[in-house]
Amino acid sequence: MNGSALWKRVLQPAVVVILLVVVIGIPLYLALVTSAKSQGEANIPDLSLPSSWHLADNYSKAFTQGDVPWALFGSLLVMVPAVVGVLVFGSLASWVLARRSGRTVSILYSAAISGIILPPAVVTIVLLLRQLGLASTPFGMMCVYMGMYMSLVIFFITGFIRTIPLELEEAARIDGAKPLMIFVRVILPLLRPVIATATILICLYIWNDVFYSFFVLGGGSVTTLPLNLYSVASSNLYQNNWNLVFAYVVLMSLPLVVIFTFAQRRIISGITGGAVK
Amino acid sequence: MTATTSAAPVSAPARREPERKVRHSRAAGLYPTWFLAPAFAILLVFFFVPTLFNFIYAFTNWSAFHNDIAGVGLANFRAVLSNGALVSSLGITVVYAVLVAIMQNGFGLGLALLLERDTRLNRFARVIVFLPVLMSALAVGYIFQALLKPDGALNGLLGGISGHPVTIPWLGSTTWTIVVVAFVNSWKWMGLAMVIYLAGLKTISEDVLEAARIDGAGVWKTFRDIRFPLLAPAITFNVATALLGSFNGFDTILSTTGGGPAQKTEVLDIYIFKVYGNGLFAQATTMSLVLFLVVTVLAFPVIGYLRKRERVL
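Protein chains in written order, with the UniProt record's numbering: chain A, 1 to 277; chain B, 1 to 313.
Treat the hints with care, since some could be wrong.
Claimed, not checked - Straight line, CA to CA, 30 Å or less: simulated DSSO-like cross-link-like pairs of lysine-lysine:
#1 B:Lys274 <-> B:Lys264
#2 B:Lys308 <-> A:Lys8
#3 B:Lys202 <-> B:Lys221
#4 B:Lys202 <-> B:Lys308
#5 B:Lys202 <-> A:Lys8
#6 B:Lys221 <-> B:Lys308
No lab work stands behind these hints, which were simulated from the structure alone.
Could you put the whole structure together from the sequences, leaning on the hints where they help?
Structure below.
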């Protein structure tokens with residue numbers, strides 16, 4: 001066996017397995033195994049198996065302490081409308097920005113995508129929402145997320161539309177279709193790959209966001225899964241409850257992990273593909 | 001990279017010129033201006049106005065402790081300068097961002113090269129490496145806090161291997177903890193960088209590599225002279241997003257160290273969060289403005305430089 005074949009058949013697989021076990025396996029295993037321990041045993045989190053299993057107990061406690069149903073409802077309540085809204089309004093604007101030319105349009109485009117780089121003004125957003133009567137409301141949160149991710153959506157979709165031949169629209173136009181009709185019937189279906197990319201990424205960000213929701217939803221009745229994880233974990237300071245923290249971590253990560261394992265090929269090709277085409 | 005720019009222009013489509021633009025005079029009828037209205041209304045109200053407010057309220061005494069808001073000139077800037085918070089948070093943020101950009105890209109590129117061939121094991125490994133990307137950074141931080149405690153799992157493991165107890169305070173060093181925290185954040189995001197590098201590697205044509213092989217180039221030479229330069233768009237994207245994302249770094253740091261020990265991992269967003277929690281809204285705004293200005297000043301040259309490298313190659 002020469003060097004290259006040795007690497008391909010033996011060493012590379014060995015390196016991959018060792019890396020997976022040590023680098024990814026140990027941290028994830030630690031979370032899983034600790035979520036099954038008693039509070040006392042979880043106090044010093046190590047890799048040993050629990051001496052007695054407390055799975056049902058921990059998960060039901062985390063479920064009630066972290067108020068999972070209500071937080072899940074809150075997470076979905078802000079995420080779904082925000083994602084739908086930013087994609088609909090963003091692609092509508094992108095079509096115009098991609099097809100019209102001139103100074104005004106290029107200035108508008110630059111302004112529209114500036115938010116990809118510029119950080120949102122998180123403190124004064126709260127002030128603004130108070131003035132609008134939207135502070136601590138899910139509607140205010142949706143608007144803030146839409147404002148934050150509009151730039152990303154416009155950047156992706158405008159770039160994509162520019163590669164769609166004009167002839168496709170013109171055919172519909174000759175048949176007498178109005179602009180809105182052309183957008184819905186011709187353009188929107190063609191945008192599927194790039195919309196998939198944007199949806200995956202924005203869902204990932206909003207589902208896991210804790211910084212902006214702290215500021216915007218703080219003090220309100222609606223809460224999200226990550227916000228509740230923080231409050232469960234913060235009580236860890238007074239009474240060690242790693243078992244509950246990790247039970248909650250597992251509960252909260254499960255939906256995305258399950259969706260991912262069923263649709264991983266489409267998700268990964270969605271993340272890279274939409275932008276490559 | 002909590003909530004920032006991402007996804008992958010492996011070959012940047014925005015730069016591609018349109019096949020042909022619609023004539024100016026007809027365009028307004030075919031592509032009605034009002035289609036722009038909802039998107040720009042949202043951007044204006046929820047992005048640009050708050051940003052503008054930054055420039056106003058940083059110069060006031062807005063706080064939780066009184067109802068009226070009055071101008072105070074540069075008092076907030078003087079306060080964050082004199083208590084050292086500005087210089088220290090800013091320095092820590094820059095160090096953190098650079099560390100994350102280096103580690104995340106190093107890990108991501110390494111993994112992409114390791115897992116490049118389409119074997120069953122490699123495909124499985126890619127899925128596993130991608131799992132942390134899906135998890136909340138907060139959750140990842142708690143896992144590593146438990147792993148890295150002085151009496152945590154890592155020291156236990158090292159103790160088991162070496163035969164005598166190990167109690168390294170991984171998250172307790174005033175010098176090295178920032179590196180550990182940057183590692184944790186890179187660990188969480190390396191799967192995304194890997195996926196983008198894999199897509200970049202796929203775009204390199206087999207012919208070019210074949211030609212290099214015929215010319216007698218080895219694995220290392222092929223990588224250094226051909227594959228690495230051709231990865232430029234993916235590198236631009238990954239470095240820029242890692243840098244900009246970690247300027248807004250928050251979740252991972254909050255859940256691993258909370259800014260400690262001795263405020264040595266207190267990046268700008270952690271500071272903003274704490275000061276805001278104390279009711280000093282104007283000071284938080286001041287730091288938010290500083291972050292905005294720093295990102296504006298740094299981002300454009302960095303992206304410009306990376307883009308220029310792409311064009312040269």
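Evaluated hints:
1. B:Lys274 <-> B:Lys264: holds (14 Å)
2. B:Lys308 <-> A:Lys8: violated (37 Å)
3. B:Lys202 <-> B:Lys221: Answer holds: Lys202 (chain B) to Lys221 (chain B) is near 18 Å, not above 30 Å.
4. B:Lys202 <-> B:Lys308: holds (22 Å)
5. B:Lys202 <-> A:Lys8: holds (19 Å)
6. B:Lys221 <-> B:Lys308: holds (24 Å)
Taken one by one, the earlier hints fail for this structure only at number 2.
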